[in-house]
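Each chain, written out:
2 protein chains.
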Amino acid sequence: MSPVPDGTPPAWPDLRALLEDTARQVDLALPRYLPEVPPAAAPLDAAMCHSLQGGKRLRPFVVMQAAETYGLPGAAVLPTACAFELLHTATLIHDDLPCIDNADLRRGRPACHLAFPEYAALLAGDALLIAAFGALAEQGRQAGVAAERVLRVVAEFAHHVGAEGVIGGEAADIAGEKKAPDADLLFFIHRKKTAALFVAAARAGAILAGAEESDLDRMTAFAESLGLLFQVTDDLLDATSSAEALGKPAGADAVAGKQTYPRLLGLRGAQQYADQLAERALALASALPARTDIWEGLVRLVLTREA
Amino acid sequence: MSPVPDGTPPAWPDLRALLEDTARQVDLALPRYLPEVPPAAAPLDAAMCHSLQGGKRLRPFVVMQAAETYGLPGAAVLPTACAFELLHTATLIHDDLPCIDNADLRRGRPACHLAFPEYAALLAGDALLIAAFGALAEQGRQAGVAAERVLRVVAEFAHHVGAEGVIGGEAADIAGEKKAPDADLLFFIHRKKTAALFVAAARAGAILAGAEESDLDRMTAFAESLGLLFQVTDDLLDATSSAEALGKPAGADAVAGKQTYPRLLGLRGAQQYADQLAERALALASALPARTDIWEGLVRLVLTREA
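For the protein sequence lines, the chains are A and B, in the order given.
Counting along the first sequence from 1, when you hit position 128 you're at 507 in this note's numbering, and nothing is skipped either side.
Counting along the second sequence from 1, when you hit position 119 you're at 498 in this note's numbering, and nothing is skipped either side.
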């Protein structure tokens, strides 16, 4: 049974409101973790701000809800939540550069390297990446969060976003272009390029809240399923939607000859795989100690998203 | 009086041996802080290793000697020392990319984006930048170093290398190309692009060793002079030396129309400015509580370096 039978009205109006509320909190907090760029380097500031606008703030939401799941108010981990959005935005800017995806549209606006000189886009990505770690360090100044926990988050973040995680997945994504569809490679790319950041986000919130190792294992399994689901639906949307709806290029994966599930399994097969991932994620969500309704709603939202 | 009168033989044979010994320690430790790149992302691993080879490891040396100056063995801060080399190498890779300096030679080898596909160079820079923070976090596992001190180093590192520091200086460097020589802009570029990393390195070692705030102020003033001196001699070498001697392009600043001291003051004026910076650095070194001979020797070495 598909987790969202056709015709069922969305059952998470509160979740949408909560997502929007979180996005507003994050948007208000983000400027605190942005460097004060001196006038001589002004294009950098403009490029960073340009690219930060318009995101769904889904990864910060995961950080904050993971903290709530283990008893710490989401607001207490806002610096860490912002770190994930800063890092995510940095990777989007670099991903869109001519030597990677050469994409012209992102978050409904011109890609950073088209709105600004390419050097400014490259350095804005670097600056946001560094600012992400600055925001993590700021988490150490929040009352009630021990420095040891924050340091563990820094270490795990570096592991999950570096060459063993997101950056490694991106490299494999490019290296795999125009090669025959390969199920193992594709799973690797999705796990690293996308799921690693969801895993890092969920673990970061849980670690800061003082979750036990067994809790972290459960959170990791859930977040990995959610992240894989997110990327499969991303592939499906690229194959079936429009640039106008997505705010980024559509159909680009096929043009680039990327490893994707629609290419490996066809549209119907990819949708079935997405449904399976959602069922698995729902089962794992139901085993979490709190906020199961929010996590389950998030899974359904990602499965049925249109952008 | 110039601090190194003509004809005086170098008076720091031991310093050269110490620098070489430190470089070996750093080279042996660096692999510990490099991510294990999965085979699907192999070009990333090759690109990182390619670019890490051949450096003088000057910034790690500053970290370790700063720790020694305040009573902590240099070996105890090796993870942090490695972090500075990882970050420095990342900035060199990105600096050499076509959209920034488009340089073909670095550390006596082909620039990363010429030895590997450009996407691999871009992502290798990102991966090394992230690995730098991973290495800083590893410092927290060293016995005898409190997590609070490590977190402070992470926060200061992010500040000094991001848009308020190194990255901001690079952006100003590019934005200032082909503009009329501007003394204020040039000083800003040198302070951010180069001196900020020396300042961060000296402060990191001192912070980990438990130096007082007044000590940190002294260390900062010295390291800033040393870093400014390093960049002026870099400008002079670019104007007067060869690619063979430097292991990177020579004469490139003039071609790019960069803001440099030789362009602002002429070769003689730039050399006089370097001498002044060296004198100031020597005076500041003599006020440090220990290792003054090493710091003074380092100043003379940077002033008279040929590569």
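Incorrect hints may have been included.
One copy or any two copies: either way a pair holds, since identical chains are not told apart in the list.
Distance condition first, Cα-Cα at most 25 Å in a straight line; then the derived SDA-like pairs of lysine to any residue [claimed, not checked]:
| # | residue 1 | residue 2 |
| --- | --- | --- |
| 1 | Lys557 | Gln404 |
| 2 | Lys557 | Glu592 |
| 3 | Lys557 | Arg528 |
| 4 | Lys558 | Gly450 |
| 5 | Lys558 | Leu398 |
| 6 | Lys557 | Leu625 |
| 7 | Lys435 | Pro410 |
| 8 | Lys558 | Ala618 |
What the hints contain is simulated information worked out from the structure, not anything from laboratory work.
Hints, one by one, checked against the model:
no.: 1; hint: Lys557 / Gln404; verdict: neither (41 Å within a copy, 43 Å between copies)
no.: 2; hint: Lys557 / Glu592; verdict: neither (41 Å within a copy, 57 Å between copies)
no.: 3; hint: Lys557 / Arg528; verdict: neither (43 Å within a copy, 48 Å between copies)
no.: 4; hint: Lys558 / Gly450; verdict: neither (46 Å within a copy, 56 Å between copies)
no.: 5; hint: Lys558 / Leu398; verdict: neither (38 Å within a copy, 47 Å between copies)
no.: 6; hint: Lys557 / Leu625; verdict: within (24 Å within a copy, 40 Å between copies)
no.: 7; hint: Lys435 / Pro410; verdict: within (17 Å within a copy, 37 Å between copies)
no.: 8; hint: Lys558 / Ala618; verdict: within (18 Å within a copy, 47 Å between copies)
Violated hints for the displayed structure, listed by number in ascending order: 1, 2, 3, 4, 5.
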